[in-house]
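With these hints in hand, go ahead and build the complete structure from the sequences.
Protein chains: 2
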Amino acid sequence: TNGQRYGIHPFIVQIRSLVDHSSLPGITLGDIGPKFGYNTTDNGFLRFDRFRVPREAMLMRYAQVDMQGHYTRPPHPKLNYLTMVKVRSGLLYSSGVYLAMACCIAIRYSAVRQQGYHPGENPTEVPENTILNYQLQAYRLTTQLANAFAFWIAGKQQTELFEYLNSQIEIGELDLLAEVHATVSCLKAFSTWACADGIEECRKSCGGHGYLRVSGLPDLFARAVPMCTFEGDNYVLIQQTIRYQLKQLQKHRLHPLAAIPASFDYILDLESFAMQQLVIDEPLQWLDPLLHETILKHRAIRLLVELHAQLEALQDQGRSDAEAWNDLQSEFVRVARAHGFLVIARTFSSCVTNVPDIELRAVLRDVYNVFILRHIEDNVSEFMEDGFMNGIHSREIRVIVRDLIANLRPNLVPLVDSFNFSDSKLWYSVLGRYDGQVYSALYETTKKDARNASDVTPAYKYIQ
Amino acid sequence: TNGQRYGIHPFIVQIRSLVDHSSLPGITLGDIGPKFGYNTTDNGFLRFDRFRVPREAMLMRYAQVDMQGHYTRPPHPKLNYLTMVKVRSGLLYSSGVYLAMACCIAIRYSAVRQQGYHPGENPTEVPENTILNYQLQAYRLTTQLANAFAFWIAGKQQTELFEYLNSQIEIGELDLLAEVHATVSCLKAFSTWACADGIEECRKSCGGHGYLRVSGLPDLFARAVPMCTFEGDNYVLIQQTIRYQLKQLQKHRLHPLAAIPASFDYILDLESFAMQQLVIDEPLQWLDPLLHETILKHRAIRLLVELHAQLEALQDQGRSDAEAWNDLQSEFVRVARAHGFLVIARTFSSCVTNVPDIELRAVLRDVYNVFILRHIEDNVSEFMEDGFMNGIHSREIRVIVRDLIANLRPNLVPLVDSFNFSDSKLWYSVLGRYDGQVYSALYETTKKDARNASDVTPAYKYIQ
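Protein sequences, first through last, are from chains R and E.
Just so it is clear: in the first sequence, position 322 is 322 by the UniProt record's numbering, and no numbers are missing.
Just so it is clear: in the second sequence, position 61 is 61 by the UniProt record's numbering, and no numbers are missing.
Treat the hints as calculated values from the structure; they're not laboratory data.
Ideal placement from N, C-alpha and C gives every residue a C-beta, glycine not left out.
Accuracy of the hints is not assured; some may be wrong.
Pairs of lysine-lysine residues, derived as DSS-like cross-links and limited to a Cα-Cα distance of at most 27 Å, are as follows [stated by the list, open to error]:
hint : chain 1 : residue 1 : chain 2 : residue 2
1    : E       : LYS86     : R       : LYS35
2    : R       : LYS35     : E       : LYS447
3    : R       : LYS35     : E       : LYS448
4    : E       : LYS86     : E       : LYS156
5    : E       : LYS35     : R       : LYS35
6    : E       : LYS35     : R       : LYS448
7    : E       : LYS35     : R       : LYS425
8    : R       : LYS447    : E       : LYS35
9    : E       : LYS156    : E       : LYS425
10   : R       : LYS297    : R       : LYS247
Facing chain R, according to a computed beta carbon distance under 8 Å, are these residues of chain E, among others [said to hold, decoys possible]:
hint : residue
11   : SER22
12   : LEU24
13   : GLY30
14   : GLY33
15   : PHE36
16   : TYR139
17   : GLY208
18   : LEU212
19   : SER330
20   : GLY391
21   : THR445
22   : ARG451
23   : ASN452
Pasting the structure below:
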């Protein structure tokens, strides 16, 4: 306004006639065409050609332009992050729910399907094995189930945090916004990635039947996977987290007594972390949530400090800020992940602690343990690289995980039942039916297929 | 036959009338319905009800049943593995080609698309960055490109090996069959997984445009991903490799002088591997293919020996063979992967060595180095767990990888051009066009969409 640029602002603009719905002069629009999924959502393209947008079209709750063209800044420069925080918290939550749906379908089907023998088993003596009794099947699906619980719980917590944040902003308190934005950015990234990959793992665990549309799983994947690229591409989002992490580290370096946001408290270990070495006296310690916190905090500060040192080293070699930042992008994922999984682990663990029922709490504690130990197992080099953990630890973790998976086996179906998804919520997945009547239902669906309407295809006459 | 079971045998059976194409009495058949992909392939279901299959319907090249019902075994009990070996070699090859297609689309588009700034860059001073110049984008796509080369080359080599195997079998030589079957089983598994995941990574790297069907990438994924579950589910296939690995280990233990198949030669390091420790005097050593071989062989024997020890320990604790096998299934992936990637690395490296053109060889050597070092980077804990490698090594590898990625950046487009895919071979992907005219082509495709045939949807009259 008045020849000055103020950045991006939201507008709500009339693009079609209210009389006959035709597009207004100067407007070109249309549907962008068929997509992987979301085909009932009419994503469009839009072009303005000498089209005048009136001042009233601007959404002026925070930033404002008056009749004279004077611009008033929003009360806080980051206020427009608020919507993004809300949407991204929602995607974290959705990641948990979508993944839970996939787990429900795959675990129920795996409890129904019987196939194959172990080496040495005689087909004439024993029936084929229920596939959920194969350790590898249970291992794969329990891992995904634990992730589903983790993201669902973290999503619920972040959504509540958003409500609190919003109420704080109403009274002019904006301190929390930057912290929550930095955390939610990476939680959105890691949960949506894990959700899409996890749905695929569930789908593959159903074998060829998971490739059928009636399983619900292909469509569920196509629905969930764009969360990785929309509302901020994941690889861009993690850079928001990194920037905030580095800023807090810098602050602590300069002012050791300055307050550090609670969820970034590992930065306070700056002086002590390098001396830490994990000591495990007996394997049961691996189930201690305080130990997990120690481990995750150590990784978070260690990776952050190393990234910071690498950035500085490159700048000392004459690379500009932008160049050094670009050079090290491939290091970012693990640094942001260290923060994100610390937040999720804390949320999940304290949620379990607050479960009143003792027996239920014990089961959910096992689910939490699978979540955190599988995460450590999959990324164990990040804990070993600086000598904090060693190869005895990594082997011990795998043994514990195998025990946890075996323990949880009888609870897998009850755990997915606990989500209380109706068959319709599971998109009438043939494999995920609550009644377990998979094969008759599968056969019934083929009768509805147009290609099966007649025994001989109508096209037969052309090839006779 | 004659009341005796002889296992599964192939038949070719007439199921429809030759007169009017109707299904024969006793036959129920139909299409299984819509799938994730392959919808132009009419996968069907089939039920026999008191339907007599004549003896002539049996494919009797190897196993035979004569008029009196006498059964003749095939000359080698594993002969029916031959078809599986052929098909799985083909899938390894296809994994390379499909992934190369995705890389071609994503890399070309990433060289066209410009978006965003690095921190500190001023939008009024510089244009937006070409996204392939973001280090993370190049890192992601170069990794996939290197995998594509690796699987393509390994697939070609295994297909040639199959031809040789086939010619050997013609003259009664069957020694190679079991070895090739064990290797191809895991190569099919790891290449198809990496192919599907890699196509998704390429698709995501195109942002929202990768979600459009006209990008070709969603359909490419749906086409490639069932390779993970068909022709032997990957998790089942790796167990074939494990069983053979264990058998060779056992053989070597009992008869240290017995011949071990060449591709399993790491088993000969049984006595020495535990004393090995990697010594790197200067970073350039990381580019030495002999060093890679040493590293991969060490992992292969180390993981195999540990798996074997765990199996024995469980049996000593009273678990049956089948139970112990099941208990440890979650350990199998890494043991089989250690074998598979050793085979691929050797094939890839020797292929590069044989490239006559020096400059081309240097570029392909970099691609090979990205392949092998990214693999080691992603699985570095497997090399560190027993103290063979350390945290200085893992950090050095990441630095080298970043240098390699930066070096290869100018060659990325030429490398995907070298596949010589026509636009039609890329399914007319709008993003992967050879001419780079992405945006005008994208806009043109929307004009062909039925939803854009009229400015106002015909449904408008119902909502007026």
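Going through the hints against the structure:
1. E:LYS86 <-> R:LYS35: Given pair LYS86 of chain E, LYS35 of chain R is violated - Cα atoms ~35 Å apart, limit 27 Å.
2. R:LYS35 <-> E:LYS447: holds (15 Å)
3. R:LYS35 <-> E:LYS448: Status holds; Cα separation ~14 Å.
4. E:LYS86 <-> E:LYS156: holds (12 Å)
5. E:LYS35 <-> R:LYS35: Within the cut-off at roughly 16 Å; holds.
6. E:LYS35 <-> R:LYS448: holds (14 Å)
7. E:LYS35 <-> R:LYS425: holds (20 Å)
8. R:LYS447 <-> E:LYS35: holds (15 Å)
9. E:LYS156 <-> E:LYS425: Distance ~19 Å between LYS156 of chain E and LYS425 of chain E Cα, so the pair holds.
10. R:LYS297 <-> R:LYS247: With a Cα-Cα distance of about 17 Å, the restraint between LYS297 of chain R and LYS247 of chain R holds, given a limit of 27 Å.
11. SER22: Interface hint status for SER22 of chain E: holds (5 Å vs cutoff 8 Å).
12. LEU24: Violated - the Cβ of LEU24 of chain E stays beyond 8 Å from chain R, reaching only about 11 Å at its closest.
13. GLY30: holds (4 Å)
14. GLY33: holds (5 Å)
15. PHE36: holds (4 Å)
16. TYR139: holds (4 Å)
17. GLY208: Since the shortest Cβ distance to chain R is 6 Å, the answer is holds.
18. LEU212: holds (6 Å)
19. SER330: holds (4 Å)
20. GLY391: holds (4 Å)
21. THR445: It holds, given that the least Cβ distance between THR445 of chain E and chain R is near 6 Å, below 8 Å.
22. ARG451: Cβ of ARG451 of chain E sits 4 Å from chain R, so the hint holds.
23. ASN452: Nearest chain R Cβ about 4 Å off; hint holds.
Consistency with the previously given hints fails for numbers 1 and 12, ordered from lowest to highest.
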